[in-house]
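Here's the letter readout for the chains.
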Amino acid sequence: MREPDKSTRRRFLVSAGSAAVLGAAPIMTLRPAEATPAMLASAIRDVTGAAVVRTGKVKLDVPPLVENGNTVPLTVSVASPMTADDHVKSIHVFNEKNPQPNVGNFYLGERAGRAQISTRIRLADSQKIVAIAKLSDGSFWSASVDVVVTLAACTDEVI
Amino acid sequence: MGSVLINVPKKASRGQVIEIKTLMSHIMETGFRHLATGELIPRDIITSFSCRFNGEEVFRADLFPAISANPFIAFFTTATESGTFEFSWIGDRGFSETASASIAVE
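Protein chains in written order, with our numbering: chain A, 1 to 159; chain B, 1 to 106.
Hints listed in this document are in silico derivations from the structure and should not be mistaken for laboratory results. Treat the hints with care, as some may be off.
Chain B side only, calculated, beta carbon under 8 Å to chain A, not exhaustive [said to hold, decoys possible]:
no., residue
1, ILE6
2, PHE32
3, ARG60
4, ALA61
5, LEU63
6, PRO71
7, PHE76
8, THR77
Backbone N, C-alpha and C define an ideal beta-carbon position, used for all residues, glycine too.
If we strip away everything but chain B, and leave its shape as in the complex, we get:
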């Protein structure tokens, strides 16, 4: 169970470009580290992040082991109408988390 931080403005004017910041707690184990016994620690990362607005995809990212633990991703989008952003993180070992945030556009 991951915990998540999302920063979306509550209000925006129509056509305004807004920044969205997301932070998901996750170890992002690279799969390149070893235990003292020499055993490889298997990879356990988030591989995919996406953001949908009212069902339509507005941003997507493929993540690799070079992304730091607790992936932080910030991007921009245009506020077109009031609605809900849905965020999704998918990763190794069946990791799947979602979150949402709504915005009022005047």
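Here chain A stands alone, though its shape is the one from the complex:
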């Protein structure tokens, strides 16, 4: 009997917390629709299908505190020997709160020698970034990082 009580209280706290966050939202200016965690999940599913995504092997390098969301350096590396039988096929990067959940898909192969890509991305808000790697054996590995953005990328800017 204790367990359900506990979970109810936890649920209440979680919902109260999110209500507080929602309460703060109207202070901000009107924004376009943003990607929701559900959109993020469905974008990830488009890549992984029904496969299980495990945490590990992937390293996501992005500054935890970003001053300018218009250009955020991002590096994804995957621990892999990059041999014919064991290599990274692709790296997919997603975000949680930009208008669109996809950031980029990068296709490499054993010839890459080193499973690492770098680019610069836009972040419209403080949010979670997810990187997923597809290995040659068909398994998926992921890493995620929370990034705080002080100046958001100009998705809602009027010019």
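Could you slot chain B onto chain A? The hints should help.
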């Protein structure tokens, strides 16, 4: 007409893993911004980047509006023989640019 910066080592030893860095000038207009009149500015981005070595694809990327203006992409490849890397960027409104760089492998 875009301008491009590519960084490929001029020389490498056989089997060496080298880094290739590319930067293409492009506005990468997201398609989510509005004019003061309320009109949506249409999307204008590079959607696809690829790198071929002596005709064989060694790297490819799909880009989305979340990639910053003037897309920078860096990746690695193994130097197998002397030859030429060919880079291609394809995007909205018929955007298409190519560039190449050669490498000497000893």
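Query raised in the report: Failing hints, ascending?
Result: The structure conflicts with hint 1 only, although it agrees with all the remaining ones.
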